[in-house]
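So the chains spell out like this:
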Amino acid sequence: EAGVAQSPRYKIIEKRQSVAFWCNPISGHATLYWYQQILGQGPKLLIQFQNNGVVDDSQLPKDRFSAERLKGVDSTLKIQPAKLEDSAVYLCASSLVGRDEQFFGPGTRLTVL
Amino acid sequence: SQQGEEDPQALSIQEGENATMNCSYKTSINNLQWYRQNSGRGLVHLILIRSNEREKHSGRLRVTLDTSKKSSSLLITASRAADTASYFCATSNDYKLSFGAGTTVTVRA
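Same order as they appear, the protein sequences are chains A and B.
Using the numbering used here, you'd call the opening residue of the first sequence number 1 and step up by one each time.
Using the numbering used here, you'd call the opening residue of the second sequence number 1 and step up by one each time.
In short, the hints are calculated from the structure, not lab data.
C-beta atoms are modelled at their ideal positions from N, C-alpha and C, and glycine is treated no differently.
Be a bit skeptical, because a hint or two may be false.
In silico DSS-like cross-links for lysine-lysine, where the CA-CA straight-line distance does not exceed 27 Å [unchecked claim]: (1) B/Lys96 <-> B/Lys26; (2) B/Lys56 <-> A/Lys83; (3) A/Lys62 <-> B/Lys69; (4) B/Lys26 <-> A/Lys78.
Beta-carbon label-pair distances, calculated as ranges [unchecked claim]: (5) A/Glu14 <-> B/Arg108: 35 to 43 Å; (6) A/Val54 <-> B/Ala78: 42 to 50 Å; (7) B/Arg41 <-> A/Arg99: 20 to 28 Å; (8) B/Asn93 <-> A/Val73: 23 to 31 Å; (9) A/Asp63 <-> B/Ser28: 27 to 35 Å; (10) A/Trp22 <-> B/Glu17: 36 to 44 Å; (11) B/His57 <-> A/Glu68: 40 to 48 Å; (12) A/Arg99 <-> B/Ser68: 37 to 45 Å; (13) B/Ser39 <-> A/Ala5: 30 to 38 Å; (14) A/Lys62 <-> B/Ala78: 26 to 34 Å; (15) A/Leu70 <-> B/Ala10: 41 to 49 Å; (16) A/Asp63 <-> B/Arg80: 40 to 48 Å.
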């Protein structure tokens with residue numbers, strides 16, 4: 001079974017630029033999560049989708065971050081414009097509906113200069 | 001804000017020894033999970049313990065949960081070099097995880 005796919009694996013941008021990350025969850029997993037993991041910290045939930053609907057985006061900085069999951073499968077997370085403090089690993093995870101175990105992708109390491 | 005706090009922040013042990021790390025949390029939970037993260041990679045689910053359970057085993061892993069103290073512990077027995085990683089506890093409510101800052105475990109050969 002293929003795992004959660006994410007791309008790119010690494011991205012370096014200048015502050016005020018835009019960046020987008022892509023995630024393809026495990027087939028059949030209706031629930032998809034985006035996390036931000038700053039160096040030395042645990043992951044922090046940014047947004048949770050179920051199919052193509054948002055379940056929770058209370059911790060998403062909506063002035064600069066946006067996410068979509070238009071067809072209920074893969075998802076894109078965008079940052080526009082990026083700030084220095086956005087440097088982090090962005091992790092995507094998926095799960096079956098009603099199941100607690102989450103499966104994580106390898107993450108995208110973002111460096112904002 | 002992060003719900004769980006792991007202790008210690010870092011742990012260095014000899015291969016074959018046991019490793020114990022603790023997690024404290026603040027609010028009520030549905031369940032508590034432990035994840036492992038190898039350097040530069042995503043997280044891997046290790047074990048889940050529900051709020052009505054006190055102890056659970058999986059291979060060389062033993063997890064305890066004390067809801068009255070709002071704490072959990074993870075024991076890795078007979079450690080191996082491949083156990084070198086960061087370990088995170090995550091409390092779960094409504095299928096949303098709140099992670100602690102993790103314990104970094106180094107197993108020396």
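Results of checking the hints against the structure:
no. : hint                             : in the structure
1   : B/Lys96 <-> B/Lys26              : 15 Å, holds
2   : B/Lys56 <-> A/Lys83              : 43 Å, violated
3   : A/Lys62 <-> B/Lys69              : 36 Å, violated
4   : B/Lys26 <-> A/Lys78              : 32 Å, violated
5   : A/Glu14 <-> B/Arg108: 35 to 43 Å : 41 Å, holds
6   : A/Val54 <-> B/Ala78: 42 to 50 Å  : 44 Å, holds
7   : B/Arg41 <-> A/Arg99: 20 to 28 Å  : 22 Å, holds
8   : B/Asn93 <-> A/Val73: 23 to 31 Å  : 26 Å, holds
9   : A/Asp63 <-> B/Ser28: 27 to 35 Å  : 32 Å, holds
10  : A/Trp22 <-> B/Glu17: 36 to 44 Å  : 42 Å, holds
11  : B/His57 <-> A/Glu68: 40 to 48 Å  : 41 Å, holds
12  : A/Arg99 <-> B/Ser68: 37 to 45 Å  : 27 Å, violated
13  : B/Ser39 <-> A/Ala5: 30 to 38 Å   : 20 Å, violated
14  : A/Lys62 <-> B/Ala78: 26 to 34 Å  : 48 Å, violated
15  : A/Leu70 <-> B/Ala10: 41 to 49 Å  : 42 Å, holds
16  : A/Asp63 <-> B/Arg80: 40 to 48 Å  : 46 Å, holds
Comparing the model with each earlier hint shows violations of hints 2, 3, 4, 12, 13 and 14; every other hint is respected.
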